[in-house]
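Asks: So you can see what is in the structure, the chains are spelled out below.
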Amino acid sequence: MTTIVEVKGLSKHYGKVKAVDNVSFKLEEGKIYGLLGRNGAGKTTIMHMLTAQLFRTSGEMKVFGEEPYENEKVLKQICFIKESQKYPETFRVKDVLNVSPLFFPNWDKELAQSLVEDFRLPLKRRMKKLSRGMLSAVGIVVGLASRAPLTIFDEPYLGLDAVARNLFYDRLLADYGEHPRTIILSTHLIDEVSQLLEHVLVIDAGKLLLDEEAETLRGSASNVVGSAAKVDAFLAGKKVIHRSPFGGLMSATVLGQLSKQERLLAAEQGLEIGPVSLQQMIVHMTGSNGNNEEAAQ
Amino acid sequence: MSFPMDDSRPIFVQIAERVENDILEGILPEESQVPSINQFAAFYQINPATALKGINLLVDQGILYKKRGIGMFVATGVREIIVSKRKEQFYEQYVVSMVKEAHKLGITAEQLTDMIKRGAKEQ
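Respectively, the protein sequence lines represent chains A and B. The opening residue of the first sequence carries number 1 in UniProt numbering; numbering runs sequentially from there. The opening residue of the second sequence carries number 1 in UniProt numbering; numbering runs sequentially from there.
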């Protein structure tokens, strides 16, 4: 596997605020990554540094083997679809599509046209008159049709309805299957995209919390429910990421696979063991006190 | 969008199980061609690398085999292999949990046997 992004000890500080704090990771060619984390975790700051739109405070960074700043060779291989992309005042949808080939050498005009039809985008409408969902759809059209070796989507489906989101996943997988490339999906809506991801990076409060294959994470946490004393005894020495007491009962989420003996022991003690989804697991890991707002969604 | 995957278990295992189910039910007869990796990915809306991992699991067990340049096929005689594998899992997966729930409800072993007989008759 070829490494296309290598980041070591990357930090971005604003005064005393550490927006990104000593983050290291690698991205390999041809994989779909999920950059996951809560609002304000530092996801967008990392993406801005990767795409040379923001200077780092410290650390090392190589994109396609080179320093990205003012480096046309690197930057023309990247397509970054921002959450709130600004367009020139007079631009219509078709103007955006007409200038895109200038920035993206692999631009596929036919793919762009068929996506415009799928998303029912009004070509002659001004960008500033578009709804939030349509603005997101334009970003998706540009991101997919760019066929850039590194394509980054930051919260790509803000305001998109369920039909359009489904369309995005279908077209992304179809085009990725034919033209494999590295794709980063940055989002806080984990359930929606988790099946599409091959690898997961979780950012929390500026730090990298998790860097793991999605399939390895699935099924690597369990929920243990039972009387509080028995649950506590069972969990001694294990990595517990979440506890929620309920009367005399306790529900706890524990990291790591449970062995067959441990499962038998739990059954003897009258404890129930249940599965934990990827989203629940990340919510528990990034929620400071276990009752954050995302858990309620 | 097809039946959603269970996000609390590895998806490649679920893909392998679903292909095995299709073989058991005769949807995929022996020596028939299975869909391509990209077709799996599109149908289940999953990452192609995950689909590949699931299919490779079945290739490793000799349930599917590769014809170079053509695709993936169901091997001959594998229905029996899957049936015996599933029979082994049957006790743990269904019987243990059923007995546990029956115990909770105060259903005796005799009553449980009668219920199973009744269920079998109605099938």
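Since the hints were derived computationally from the structure, they do not count as laboratory data. Note that the structure is predicted; figures quoted are calculated from it, not measured. The beta-carbon is built from N, C-alpha and C at its ideal position, and this holds for glycine as well. Possibly wrong hints are sitting among the right ones.
Derived Cβ-Cβ restraints for the label pairs, each shown as a range [to be verified]:
#1 A:F91 to B:E30: 31 to 39 angstroms
#2 B:I116 to A:G159: 47 to 55 angstroms
#3 A:Y69 to B:P29: 56 to 64 angstroms
#4 A:G159 to B:G71: 23 to 31 angstroms
#5 B:H103 to A:A228: 19 to 27 angstroms
Asks: Next step is simple, just say for each hint if it's right about the structure.
Replies: Against the structure, the hints come out as follows:
| no. | hint | in the structure |
| --- | --- | --- |
| 1 | A:F91 to B:E30: 31 to 39 angstroms | violated (58 angstroms) |
| 2 | B:I116 to A:G159: 47 to 55 angstroms | holds (53 angstroms) |
| 3 | A:Y69 to B:P29: 56 to 64 angstroms | holds (59 angstroms) |
| 4 | A:G159 to B:G71: 23 to 31 angstroms | violated (40 angstroms) |
| 5 | B:H103 to A:A228: 19 to 27 angstroms | holds (24 angstroms) |
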